[in-house]
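A.B. asks: As a plain string of letters, each chain reads:
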Amino acid sequence: MTKYFVVVRADRDEEKGAEAFRKYAILGTPTTIVLDGDGAEVDWIVGYHAPPEKFQAKVNRSVAGGETLKSLTAAHALNPKDAATAFKLGRKYAERADEAKALPLYRDVVALDPAGQAGAFTPDFMKAPVTFTQYAEYELARFPLQGRRDSAPMRAYIAKYPGGPMLRLAFSSLDIFYYGGALAAEADAFYADYTAKFPTETWVLQKWLTRILQDKTSLDKGLAVADRLTELTESNPDPYAQAVIAEFYLARGDKAKAEEAFGKPFIDSHLSNIAFGLLQFADFWAQRRENTDRVESAVAAALKLQPENMFVRLQAAKVFLGLGRDETAIDVFGPAYAKTYWDEPGELRSYIYFWTQQGRNLDGALAAGLRTIALRPRAYYHWSALGDLYLKMGDKAKALDAAGKAVEFASPSAKPAMQRNLDKIKGQAEPPASKK
Amino acid sequence: MRKSLIVVFALLLLAASAAGQVWFKGTVDEAVARAKAESKLVLVDFYSDG
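Listed in order, the protein sequences are those of chains A and B.
For what it's worth, my numbering labels the leading residue of the first sequence as 230, then goes sequentially.
For what it's worth, my numbering labels the leading residue of the second sequence as 241, then goes sequentially.
You can trust all of the hints, since none of them are fake.
Straight-line distance between alpha carbons at most 27 Å, and here's what the computed DSSO-like set of lysine-lysine pairs gives: (1) A:Lys252 / B:Lys276; (2) B:Lys265 / A:Lys252; (3) A:Lys445 / A:Lys426; (4) A:Lys330 / A:Lys389; (5) A:Lys653 / A:Lys621; (6) A:Lys627 / A:Lys653; (7) A:Lys644 / A:Lys627; (8) A:Lys426 / A:Lys356; (9) B:Lys265 / A:Lys245; (10) B:Lys276 / A:Lys245; (11) A:Lys299 / B:Lys276; (12) B:Lys276 / A:Lys232; (13) A:Lys655 / A:Lys627; (14) A:Lys644 / A:Lys621; (15) A:Lys299 / A:Lys310; (16) B:Lys265 / B:Lys276; (17) A:Lys356 / A:Lys389; (18) A:Lys252 / B:Lys280; (19) A:Lys644 / A:Lys655; (20) A:Lys389 / A:Lys426; (21) A:Lys299 / B:Lys280; (22) A:Lys232 / B:Lys280; (23) A:Lys245 / B:Lys280; (24) A:Lys232 / B:Lys265.
FYI, nobody ran anything at the bench for these hints, they're computed from the structure.
With these hints in hand, go ahead and build the complete structure from the sequences.
C.D. replies: This is the structure in structure tokens:
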């Protein structure tokens, strides 16, 4: 490569490098510039987009297509009426934040090709293509937002392209304008439009509520926003959203609502989610007998977070069984632990089901099964669980007896299922010779 | 020549931070003077670790 290039690094933290940064007006790194032997800029690439192949493809496309700064400048000089060339050259300058050169070119694009027929492209940060003209108009509208000078061009852009591919970006750029500036009434109108257009974007509602909190002029209007945010985050609480909601209610002097949004229910649910996330991870790798150190750490953390949660213990036991550590599984979720639920038949039933499925700790499960019957002697589901357990233990006579009790006590709607279960056990109980 | 330059340019950027890269030791202006004398281009990596 040194056959074609002299390769030099300009380090901003060194004096000679800092001088080059100033000379070439470099605003951000990484930036790579190609110069000719007279020091004139041939091309540049701003930023780096991993993986390397993507960067390489970008470089290849850019250079192979002849779309360097130098070639675009020459093409534009030859044919200044070509909108596509003007646009590409404008973007080149925009990459370096050279608005003095980029904006006039974008204005030319809009004047030359108002219908947007000269071409389209898909920017890195978007999924859908946008015409050169629409992109140029967006950039022209974005420029006056800097320093919160004027939002009218971007609002006009949104009105012109209400279904355009850059709509989300246009609203997002206006958000910067309204979040900490503009009059309260104008900000309200903006956020009302924004949330109407993107009704499920919780972060927009968060911004709106934060803005209402900053204004403190009329907290009442924030109630509907807080309600909507609560509704959207109810099934999957988001700490940032909950914090804003709680702050809003505290500002209104409603501590109870703040606690409801971001108090004990939130932290319980959040800890539980974390614990189950850790266990999901642990179970995945335990089944493959890989990452065992991390599996152990994840289970230990889950148990520390939710030591009293029966289903955390159940999942932890499953992981240990997956690792072949039956004794640890029984330590975590065995007879000693079952005793803490000795008067709660519902919880005991989960315990019985689990060990019946695993085919281990069957004596412990039987003790719990008998306990459930003692507590609820006419509950068909406990008899059914006991029947399954006896079957697993190989005691078919007792399995039949328990399944029969399940049929006897079953509700009308459950009776057919209990009967089928009984018949199934009978079929298994009959000697093979008697089968037809 | 042009195709070669394209390929070399791409490879060079990929390898720019890799070990073994031969960096010109002087300033950017000195690199330009060297490039002119050798009929080459200059590739400047503007770098900052901050």
